[in-house]
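Asker: Taken in order, these protein sequences are the chains called D and A. Just so we're aligned: the first sequence equals residues 3 to 484 in my numbering. Just so we're aligned: the second sequence equals residues 687 to 866 in my numbering.
In case anyone wonders, no lab produced these hints; they're calculated from the structure. Take every hint as true, because none was put in to throw you off.
Partner residues are not named here, just some residues of chain A that face chain D (Cβ under 10 Å, in silico): (1) R793; (2) V795; (3) Y825; (4) L834; (5) A839; (6) V841; (7) A842; (8) S844; (9) L846; (10) R849.
Beta carbons: idealized from backbone N, C-alpha and C, even for Gly.
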Amino acid sequence: MNPLFAVPTADLASLAPELLLTAAATVLLLLEAFAPALRRAFVPAGLAATIGAAWLLTGSDSGPAFHGLVESSPLTRAFSLTVLLATALGLLAAPGYLRRARLLAGEYPALILWCAAGLLILIRSTELLTLFLALELFSVALYALAAFHRRSARSAEAGLKYFLMGAFVSSFLLYGVALLFGETGSTRLDGIAAALAAGNGSPGLLLLGSLLVATAFAFKLSLVPFHAWAPDVYQGAPSPFVAFLSVAPKVASAVVLVRLVTLFADSPIGGRWPDVIALLAVVSMLAGNLFALVQRDIKRMLAYSGVAHMGYLMIPLASPGNAAWRPVLVYLVAYALMNAGAFVVVSMLYPSSDDQHPIAGLSGWGYRFPALGICLTVCMVSLGGIPPTAGFIGKYLVFLHAIQHQQLYLALVGIAASLISVVVYLRVVYMLYMKPEIAAPQDVAPDFGGQVAAVVAAAGSLLLGLWPALLIDWAVASLPVG
Amino acid sequence: MELAVFVLFGLAALVSAALVVAHRNPVYATMSLVVTLVSTAVLFVLLGSPFLAALQILLYTGAILVLFLFVIMLLNIGRERSSGARSPAQTWSAVILALLLAGSLGRLVWDAHKDSEAPPLDATFVSLRGLSEQLFSSYLLPFELIGLLLLVAVVAASWLARRHEEDEPEVAAPSPEDRP
Chain D
3 MNPLFAVPTA DLASLAPELL LTAAATVLLL LEAFAPALRR AFVPAGLAAT IGAAWLLTGS
63 DSGPAFHGLV ESSPLTRAFS LTVLLATALG LLAAPGYLRR ARLLAGEYPA LILWCAAGLL
123 ILIRSTELLT LFLALELFSV ALYALAAFHR RSARSAEAGL KYFLMGAFVS SFLLYGVALL
183 FGETGSTRLD GIAAALAAGN GSPGLLLLGS LLVATAFAFK LSLVPFHAWA PDVYQGAPSP
243 FVAFLSVAPK VASAVVLVRL VTLFADSPIG GRWPDVIALL AVVSMLAGNL FALVQRDIKR
303 MLAYSGVAHM GYLMIPLASP GNAAWRPVLV YLVAYALMNA GAFVVVSMLY PSSDDQHPIA
363 GLSGWGYRFP ALGICLTVCM VSLGGIPPTA GFIGKYLVFL HAIQHQQLYL ALVGIAASLI
423 SVVVYLRVVY MLYMKPEIAA PQDVAPDFGG QVAAVVAAAG SLLLGLWPAL LIDWAVASLP
483 VG
Chain A
687 MELAVFVLFG LAALVSAALV VAHRNPVYAT MSLVVTLVST AVLFVLLGSP FLAALQILLY
747 TGAILVLFLF VIMLLNIGRE RSSGARSPAQ TWSAVILALL LAGSLGRLVW DAHKDSEAPP
807 LDATFVSLRG LSEQLFSSYL LPFELIGLLL LVAVVAASWL ARRHEEDEPE VAAPSPEDRP
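Work out the full structure, taking the sequences as your base and the hints as a guide.
Answerer: Written as structure tokens, this is what we have:
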């Protein structure tokens with residue numbers, strides 16, 4: 003063999019978590035074809051692969067790999083673990099739903115694992131071509147999973163809407179990449195940074211290219227005004243999948259956005275970037291919470307609340323720099339636990355493939371399902387940012403960052419938006435415990451995996467809220483000093 | 687000579703691209719896209735990359751657009767019915783915004799490059815050997831990612847398109863008024 007084409011073992015070793023996820027997905031698909039009797043074991047096997055990938059990840063070495071197209075560092079590992087946490091929660095909750103909807107098949111865990119592999123590569127990629135392909139890899143899997151309930155028209159609508167808008171946004175990303183490459187002569191982030199620092203290229207075209215690239219990730223984060231897909235997709239897609247969709251892609255996209263904004267803001271074209279991000283943050287926080295206030299469907303309500311949470315997440319980015327990583331990581335871990343937990347409980351309390359999930363339907367169920375009621379309450383309190391929960395720690399660090407960087411107005415808008423959001427979330431708790439039961443539950447039979455996922459998410463939110471040092475020390479150890 | 691070829695095929699690419707969007711009949715629109723892609727292939731040759739031009743014709747016009755035509759004919763899609771939803775105001779504002787975007791983009795490109803002349807591509811770089819060396823050494827990871835992406839797309843499409851014996855409609859189509 004020509005040694006030119008040999009892949010160094012170190013490169014392959016650095017890709018081990020992604021390789022394990024991909025291989026496990028492929029094996030599950032083969033088993034679906036040749037041993038369908040094992041179907042009940044598919045999702046647990048996918049869960050085992052996720053945990054195995056997390057284990058491989060914690061043991062992997064730092065440094066660039068594949069000619070500098072991807073890198074591995076404590077930072078990428080921390081965010082990758084967050085993605086795998088969301089993947090595990092989503093997989094745990096899946097079998098109950100899949101059995102009820104008669105959709106138990108190897109394709110579901112396979113697509114989730116491929117999606118997770120794409121997200122892990124996205125987090126690690128330091129080159130725009132790899133970045134684009136990783137984005138497409140996880141997006142294609144997400145489109146199919148949103149439409150996974152093939153007999154539900156709403157699910158098909160969700161998949162198609164997400165696909166059309168996502169494809170449109172991918173073309174934005176490609177256009178931006180083309181402009182950046184044309185002006186700087188490089189697709190590597192460090193090469194682009196060097197060209198920007200040297201003042202190469204036309205500032206106008208560079209600014210346009212960077213805005214187009216950032217737009218693609220703002221879409222994935224469902225920031226206002228790129229949020230229109232979220233409520234419809236969340237409402238129609240299978241609920242355990244939404245637990246994954248509403249968290250994992252956001253973690254990876256947020257990492258890329260932090261990387262890009264830090265890169266651009268440090269360069270000669272960076273003058274207005276903090277203002278752009280601050281505007282996105284303010285609009286997302288306010289619009290997300292105000293729209294959430296008027297929703298009757300709990301999944302649509304959580305979709306708009308997700309928009310608002312991504313708005314809070316943008317606050318540290320309005321003063322870019324290495325110091326922005328820490329609040330972003332802490333916030334995302336808290337968000338992963340509380341948001342995935344909320345959707346896991348929703349997937350068990352709304353079991354029918356009926357497309358409506360009215361909040362009023364939960365009236366009085368807090369006493370009928372004590373464990374699930376408490377889990378949902380903890381997640382709602384955490385989403386509202388009320389101590390002692392992880393959501394409070396996340397918001398505290400984000401607002402503190404804004405105040406430390408002379409952006410008091412962002413912190414004030416954030417606090418005002420949080421106050422609106424408390425009404426949104428406490429409405430669910432009020433329904434659970436303060437209202438008489440209006441409808442007896444039909445076919446609500448919480449399954450073991452889903453309950454474990456709900457308890458893990460709720461207990462995690464509470465634990466990290468009571469002992470924030472656990473989370474913050476880990477974040478400090480993982481991230482560059484800022 | 688070179689300039690004449692450039693102007694001819696550049697114009698052909700632009701006009702046919704406009705036709706792709708404007709033509710009501712999907713078969714004509716697809717055939718216009720064929721002209722666009724062949725014209726850009728000629729531009730690739732002018733830029734010194736015959737391999738890219740050959741790939742463009744083989745893959746895009748040869749394979750993908752034939753697939754387009756197959757789908758259009760199999761589904762028997764006729765002329766696009768004009769939906770009453772589109773008002774002249776919408777059409778005109780779209781046209782004006784598109785022209786504004788095109789104008790500002792053109793202005794930016796013109797300002798940036800009116801004085802500089804793009805260097806021709808390095809002949810060894812765009813040769814078959816040069817391209818494959820890049821592809822299978824520096825860019826091996828993206829190459830493998832594309833393979834994985836295609837696998838995922840095939841699995842996704844087959845899941846959505848396949849008909850299972852247990853598949854009978856059980857959920858009614860959503861009606862427009864049940865959305866808050």
